[in-house]
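There are 2 protein chains.
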Amino acid sequence: MDKSQRPRTTYHTTLINEDGLIGHAYAVGADEIDVKINTTSNDHLGTNPEQLLGLALTTCFNATLEAIEKRDGYEHRTKVKADVDQAHDTHGFQFFVDVTVYIPTDEVDRQTAQAWFELAESRCPVSKLVSGSNNVTFTLVDHWED
Amino acid sequence: MDKSQRPRTTYHTTLINEDGLIGHAYAVGADEIDVKINTTSNDHLGTNPEQLLGLALTTCFNATLEAIEKRDGYEHRTKVKADVDQAHDTHGFQFFVDVTVYIPTDEVDRQTAQAWFELAESRCPVSKLVSGSNNVTFTLVDHWED
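So the protein sequences, as listed, match chains A and B. Note that my numbering gives residue 34 to position 39 of the first sequence, counting from 1, and the numbers run on in steps of one. Note that my numbering gives residue 33 to position 38 of the second sequence, counting from 1, and the numbers run on in steps of one.
Source of the hints: derived by calculation from the structure; they are not laboratory data. What you are looking at is a predicted structure, and each value in this text was computed from that prediction instead of being measured. Be aware that a few hints might be false.
Identical copies go unnamed one by one, so any copy, or any two together, can satisfy a pair.
Dumping the calculated DMTMM-like pairs for lysine to aspartate or glutamate here, alpha-carbon to alpha-carbon at most 20 Å [said to hold, decoys possible]:
| id | residue 1 | residue 2 |
| --- | --- | --- |
| 1 | 31 | 113 |
| 2 | 65 | 78 |
| 3 | 65 | 113 |
| 4 | -2 | 78 |
| 5 | 31 | 116 |
| 6 | -2 | 84 |
| 7 | -2 | 13 |
| 8 | -2 | 104 |
| 9 | 31 | 102 |
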């Protein structure tokens, strides 16, 4: 989409990585997030693109479900988990992302749960961004295991 | 892709959001990342899917560039920025993500910089996940402005 044709921005943020694989990455502005970045192959503390992507996707999806619950007059009870796997690709690495969506059986019937699940997948902005990838799955479940 | 046909996992992590829009989200395991989540519409501290996605993408892209620099015998000097905009969509919201990639002019000539840029875009796992979206752009620049 041509940038001039985009709808009006309702929120803007700028993120920067200067250090590469090890160091930190941050959002521009006072009091904004600054995270310690590290490789996935050593024991030092820090996060990585796999975790940051999974946090973005689970939070976006569950916040979307929360909005649907609120619309329909329910308290927020849904939970979302993402299992992110790194694996070799033809060139470089690839990530596989499996999103598990829990809507309690004593909250709504399964037909409603399925409708909520499909609506959230179609509305969550991060889901939309990765919807063209075959490496991402979304699954609705009746039971939650941490 | 059928999960049974996936290549062997080289790293696995699990991310959870239970709280929705306001609260926290975290990676499973001791000493793993736990971030405070908040809405984009108030002044309370916390991060959000826009920032987490931008951190994932900038870190992934710059780490990929760093690997290319190392392969070619250069010190790491590249920087990557993501401008993330939230806007209304036909249904719900959408994000626009504009990634700016800086490779210093006194590091390599522009032909090499362009080749590095294109190679990184094709290899970065997060770029691959969003490559089907028209809402994401990647631009190589000669000058860096924070």
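Starting from the hint list further up, note which numbers the structure goes against and sort them upward.
1, 2, 5, 7, 8 and 9
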